[in-house]
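Heads up, the sequence shown is in UniProt numbering, so the first residue is 1 and it goes up one at a time.
If you are wondering where the hints come from, they were derived from the structure by calculation, not from laboratory data. Keep in mind that this is a model prediction, so the values were computed, not measured. There's no promise every hint is true.
[Said to hold, decoys possible] Result set (PhoX-like, lysine-lysine): computed pairs, CA atoms no more than 25 angstroms apart in a straight line:
1. Lys205 / Lys166
2. Lys185 / Lys38
3. Lys130 / Lys38
4. Lys76 / Lys38
5. Lys185 / Lys166
6. Lys38 / Lys90
7. Lys166 / Lys38
8. Lys130 / Lys90
9. Lys90 / Lys76
10. Lys205 / Lys90
[Stated by the list, open to error] Okay, the calculated beta carbon distance ranges per label pair:
11. Asn46 / Asp196: 22 to 32 angstroms
12. Thr168 / Leu207: 13 to 23 angstroms
13. Val164 / Asp189: 24 to 34 angstroms
14. Glu112 / Gln66: 12 to 22 angstroms
15. Glu202 / Ala57: 25 to 35 angstroms
16. Lys76 / Asp157: 14 to 24 angstroms
17. Ile52 / Val209: 35 to 45 angstroms
18. Glu127 / Arg50: 26 to 36 angstroms
19. Glu127 / Gln66: 18 to 28 angstroms
20. Arg62 / Ser199: 21 to 31 angstroms
21. Pro47 / Pro139: 31 to 41 angstroms
22. Leu195 / Gln163: 32 to 42 angstroms
23. Gly160 / Met140: 30 to 40 angstroms
Just so it is clear, CB atoms sit at the ideal spot from N, CA and C, and this is done for glycine as well.
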Amino acid sequence: MFTQPIKLINQTLTKKFNKPLNQIFTLFTHLFTQENPKQSVYQIGNPILRQIAQPIADVSDREIQQLIDAMLVTLKESRGVGLAAPQIGKSLQLLIVASHPNQRYPHAPQMEPTAMINPQIISHSEETEKGWEGCLSVPMIRGLVPRYREIEVAYTDRYGDRQVAKLTDFVARIFQHEYDHLEGKVFLDRVESSLDLASEAEYHKLLQVSKVS
Numbered sequence: 001m002f003t004q005p006i007k008l009i010n011q012t013l014t015k016k017f018n019k020p021l022n023q024i025f026t027l028f029t030h031l032f033t034q035e036n037p038k039q040s041v042y043q044i045g046n047p048i049l050r051q052i053a054q055p056i057a058d059v060s061d062r063e064i065q066q067l068i069d070a071m072l073v074t075l076k077e078s079r080g081v082g083l084a085a086p087q088i089g090k091s092l093q094l095l096i097v098a099s100h101p102n103q104r105y106p107h108a109p110q111m112e113p114t115a116m117i118n119p120q121i122i123s124h125s126e127e128t129e130k131g132w133e134g135c136l137s138v139p140m141i142r143g144l145v146p147r148y149r150e151i152e153v154a155y156t157d158r159y160g161d162r163q164v165a166k167l168t169d170f171v172a173r174i175f176q177h178e179y180d181h182l183e184g185k186v187f188l189d190r191v192e193s194s195l196d197l198a199s200e201a202e203y204h205k206l207l208q209v210s211k212v213s
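Take the sequences, apply the hints, and build the full model.
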């Protein structure tokens with residue numbers, strides 16, 4: 001007997017907010033439960049960073065939405081460009097890509113932080129290129145890491161919608177770096193030679209040299 005009124009409410013809200021009812025519920029849950037302080041980032045040597053992350057069954061689950069918010073806060077306060085759930089102690093298939101220029105990556109493109117749930121790499125270019133990477137879980141060291149220059153990825157967003165996107169260059173690099181965390185890998189596993197490693201201090205010296213040249 002309540003089917004028609006519920007259907008009408010769903011249609012009305014969908015028209016007003018341009019989102020179906022379940023996504024609107026997720027959005028309001030997100031807005032009214034944002035009590036998520038910065039989380040501690042787990043460091044290399046912690047076994048959770050070597051585990052294969054588990055898929056997320058229910059994106060709208062309150063704990064998942066709170067986890068996303070906690071990761072966003074942690075990422076912002078750490079001034080990072082990406083973060084994976086295992087890095088804050090949750091072995092789940094969730095990562096955030098949040099490219100923006102900063103002291104460590106002055107030429108990074110600006111983008112809105114994007115939570116990607118159960119992400120997959122659908123295809124990739126044959127071309128790879130090396131680029132400097134660091135990691136909040138591997139402090140004070142940088143490495144030249146080969147990555148695919150272009151990738152096509154699929155993921156579920158925090159509202160439950162399936163997304164497909166083509167990522168290139170630095171944004172593609174961030175995704176691959178964070179995706180490795182879901183596979184129990186860190187960027188050091190990808191470095192081809194010890195000659196491709198540098199301390200944080202030496203890395204910043206290299207940045208200064210590149211600015212001059």
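Each hint tested on the structure:
1. Our distance criterion of 25 angstroms between C-alpha atoms is broken by Lys205 and Lys166, whose separation comes to about 33 angstroms.
2. Of the supplied pair hints, the one linking Lys185 and Lys38 holds, its CA atoms being roughly 23 angstroms apart against a limit of 25 angstroms.
3. Under the criterion of a C-alpha separation no larger than 25 angstroms, the hint pairing Lys130 with Lys38 is inconsistent with the structure, at around 31 angstroms.
4. Restraint check: the Cα-Cα separation between Lys76 and Lys38 comes to about 9 angstroms, which is no more than 25 angstroms; the hinted pair holds.
5. For the hint pairing Lys185 with Lys166, the CA-to-CA distance comes to about 23 angstroms; that is within 25 angstroms, so the pair holds.
6. Proposed proximity of Lys38 and Lys90 is supported: the alpha carbons are some 14 angstroms apart, at most 25 angstroms.
7. Taking the CA atoms of Lys166 and Lys38, the gap is near 30 angstroms; set against the 25 angstroms cutoff, the hint is violated.
8. Pair hint Lys130 plus Lys90 does not hold up; C-alpha atoms about 29 angstroms apart against a cutoff of 25 angstroms.
9. About 18 angstroms separates the Cα atoms of Lys90 and Lys76, which keeps this hinted pair within 25 angstroms; it holds.
10. With a C-alpha separation of about 35 angstroms, the suggested pair Lys205 and Lys90 falls outside the 25 angstroms cut-off, and the hint is violated.
11. The hinted range of 22 to 32 angstroms is satisfied by Asn46 and Asp196, whose Cβ atoms lie roughly 24 angstroms apart.
12. The beta-carbon spacing between Thr168 and Leu207, approximately 22 angstroms, falls within the hinted interval of 13 to 23 angstroms.
13. Distance hint check for Val164 and Asp189: the Cβ-Cβ separation is about 27 angstroms, which falls inside the suggested range of 24 to 34 angstroms.
14. For the pair Glu112 and Gln66, the supplied restraint of 12 to 22 angstroms holds, since their beta-carbon distance comes to about 20 angstroms.
15. Glu202 and Ala57 have their C-beta atoms about 44 angstroms apart, which leaves the hinted 25 to 35 angstroms range violated.
16. Between Lys76 and Asp157, the C-beta spacing of about 19 angstroms keeps the proposed range 14 to 24 angstroms intact.
17. Judged by the Cβ atoms, the range 35 to 45 angstroms given for Ile52 and Val209 holds: they are separated by roughly 39 angstroms.
18. One distance hint, 26 to 36 angstroms for the beta-carbon pair Glu127 and Arg50, holds here, with the actual separation near 29 angstroms.
19. In this structure, Glu127 and Gln66 break the distance hint of 18 to 28 angstroms, their C-beta atoms being roughly 39 angstroms apart.
20. In this structure the hint that Arg62 and Ser199 lie 21 to 31 angstroms apart at CB is violated, the actual value being about 42 angstroms.
21. Separation of Pro47 from Pro139 is about 18 angstroms and departs from the stated range, judged on CB atoms against 31 to 41 angstroms.
22. Between Leu195 and Gln163 the beta carbon distance is about 38 angstroms. The supplied range of 32 to 42 angstroms therefore holds.
23. Range check, Gly160 to Met140: Cβ separation about 39 angstroms, and the 30 to 40 angstroms hint holds.
Violation of the numbered hints given earlier is confined to hints 1, 3, 7, 8, 10, 15, 19, 20, 21; the remaining hints are satisfied by the structure.
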